[in-house]
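J.: If you want our numbering, it's the 1-based position in the sequence shown plus 42.
Simulated from the structure, these hints should not be mistaken for laboratory data. All C-beta atoms, glycine included, are put in the ideal place defined by N, C-alpha and C. Any given hint could turn out to be false.
Claimed, not checked - Simulated DEER-style distance windows between Cβ atoms: (1) E237 x G58: 21 to 29 Å; (2) K62 x N240: 44 to 52 Å; (3) A339 x T164: 46 to 54 Å; (4) L347 x M168: 20 to 28 Å; (5) E264 x P47: 19 to 27 Å; (6) E101 x G327: 30 to 38 Å; (7) E237 x D275: 16 to 24 Å; (8) L338 x G58: 21 to 29 Å; (9) H60 x K336: 46 to 54 Å; (10) K325 x L71: 45 to 53 Å; (11) L71 x K262: 16 to 24 Å; (12) P329 x R234: 38 to 46 Å.
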Amino acid sequence: DEVDPHTKLPVFSLYGKHRKPTAEMLQNLDVLVVDIQDIGIRAYTFIYTMAKVMEAAAEFDKEVIVLDRPNPLGGIAIEGNLVQEGFFSFVGMYPIPYRHGMTIGELAKLFNREFKINCDLTVIPMLNWERNMFWDDTRLPWVPTSPHVPHWETTLFMSATGLFGELRTLSEGVGYTSPFEITGAPWIDGYRLAEALNKLNIEGIIFRPLYFKPYYASFKGEGCQGVQLHLTDRRKFNSFLTGLYIMQTIIALYPEHDLFAQKDRINMFNKVTGCDYIMRDLKAGLPVADIQAKWLAELNEFKTLRAEYLLY
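Construct all of the structure, not just a fragment, from the sequences and the given hints.
T.: Encoded structure:
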């Protein structure tokens with residue numbers, strides 16, 4: 043919490059001691075305006091900050107106005123499982139898919155009704171945005187939403203590699219110059235991994251062997267090998283499944299290295315994936331297609347539900 047040096051207005055943090063506005067923060071406000079850029083991934087917490095603001099507004103009888111913004115990943119692709127009971131957290135407060143394909147305004151409407159926040163909500167829609175647009179189609183400049191999302195394209199890779207970054211047994215590129223675009227470890231042979239992944243013929247993506255040395259975070263200062271992800275068709279690229287394919291391939295190639303060795307990180311991985319069966323199935327060597335089959339029914343149900351809240 044601080045005072046903005048330019049406007050001299052008080053600034054209250056909602057990503058620290060408080061995640062939900064307090065009565066004191068709201069006492070001199072009539073309206074709460076939400077104007078924040080999300081990245082289209084369930085585990086990115088901005089949408090839950092919005093939800094907490096909406097909860098406080100309902101509690102203290104304040105109006106909420108959401109200024110809608112583009113989903114950089116577009117509004118068509120929907121990927122991954124829904125959060126299961128017992129795994130709700132601030133990286134997955136509600137049962138929505140990992141890549142949800144909705145704008146913050148659409149999510150606000152869904153959260154408000156389906157999860158019974160029931161605040162006084164107004165969503166101001168965008169002009170000229172269409173569901174098939176990725177960020178660069180909007181011709182808007184990209185302002186980093188957080189330090190490790192320097193480019194809009196980072197969001198595409200983050201929805202693949204962000205999953206296993208939580209385990210700390212693989213580098214997902216955080217700490218190097220290409221966050222989320224690469225993955226590796228000191229014990230990986232980059233050429234071997236790239237060859238194995240490219241043999242899978244995953245649509246929309248190819249893998250290039252890579253040497254790198256992280257400046258901070260996992261494996262700081264250690265020489266690593268791995269792969270860099272290169273998009274060939276972003277509209278066919280299933281980012282969530284790609285993340286599972288990468289993990290499954292590394293597990294098969296290096297059974298002596300347990301990706302789930304850091305037991306204190308397993309809870310966070312399960313929160314991000316919204317379940318524990320993905321971890322169990324990966325460890326058991328279950329094919330990715332069989333893991334995916336477990337969530338297809340609930341994903342189709344969500345597609346039907348979300349249709350009621352789409353603005354574009």
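J.: Evaluate each hint against the coordinates.
T.: So, going through the hints one by one against the coordinates:
1. E237 x G58: 21 to 29 Å: Taking Cβ atoms as reference, E237 and G58 lie about 45 Å apart, which means the hint is violated.
2. K62 x N240: 44 to 52 Å: holds (46 Å)
3. A339 x T164: 46 to 54 Å: violated (34 Å)
4. L347 x M168: 20 to 28 Å: holds (22 Å)
5. E264 x P47: 19 to 27 Å: violated (40 Å)
6. E101 x G327: 30 to 38 Å: violated (48 Å)
7. E237 x D275: 16 to 24 Å: With a Cβ separation near 21 Å, E237 and D275 satisfy 16 to 24 Å, so the hint holds.
8. L338 x G58: 21 to 29 Å: Roughly 38 Å apart at Cβ, these two residues miss the hinted range, so it is violated.
9. H60 x K336: 46 to 54 Å: violated (37 Å)
10. K325 x L71: 45 to 53 Å: For L71 against K325, whose Cβ atoms are near 49 Å apart, the range 45 to 53 Å holds.
11. L71 x K262: 16 to 24 Å: 43 Å Cβ-Cβ, so the 16 to 24 Å window is violated.
12. P329 x R234: 38 to 46 Å: With a Cβ separation near 20 Å, P329 and R234 fall outside 38 to 46 Å, so the hint is violated.
Going through the hint list in order, the structure does not satisfy hints 1, 3, 5, 6, 8, 9, 11 and 12.
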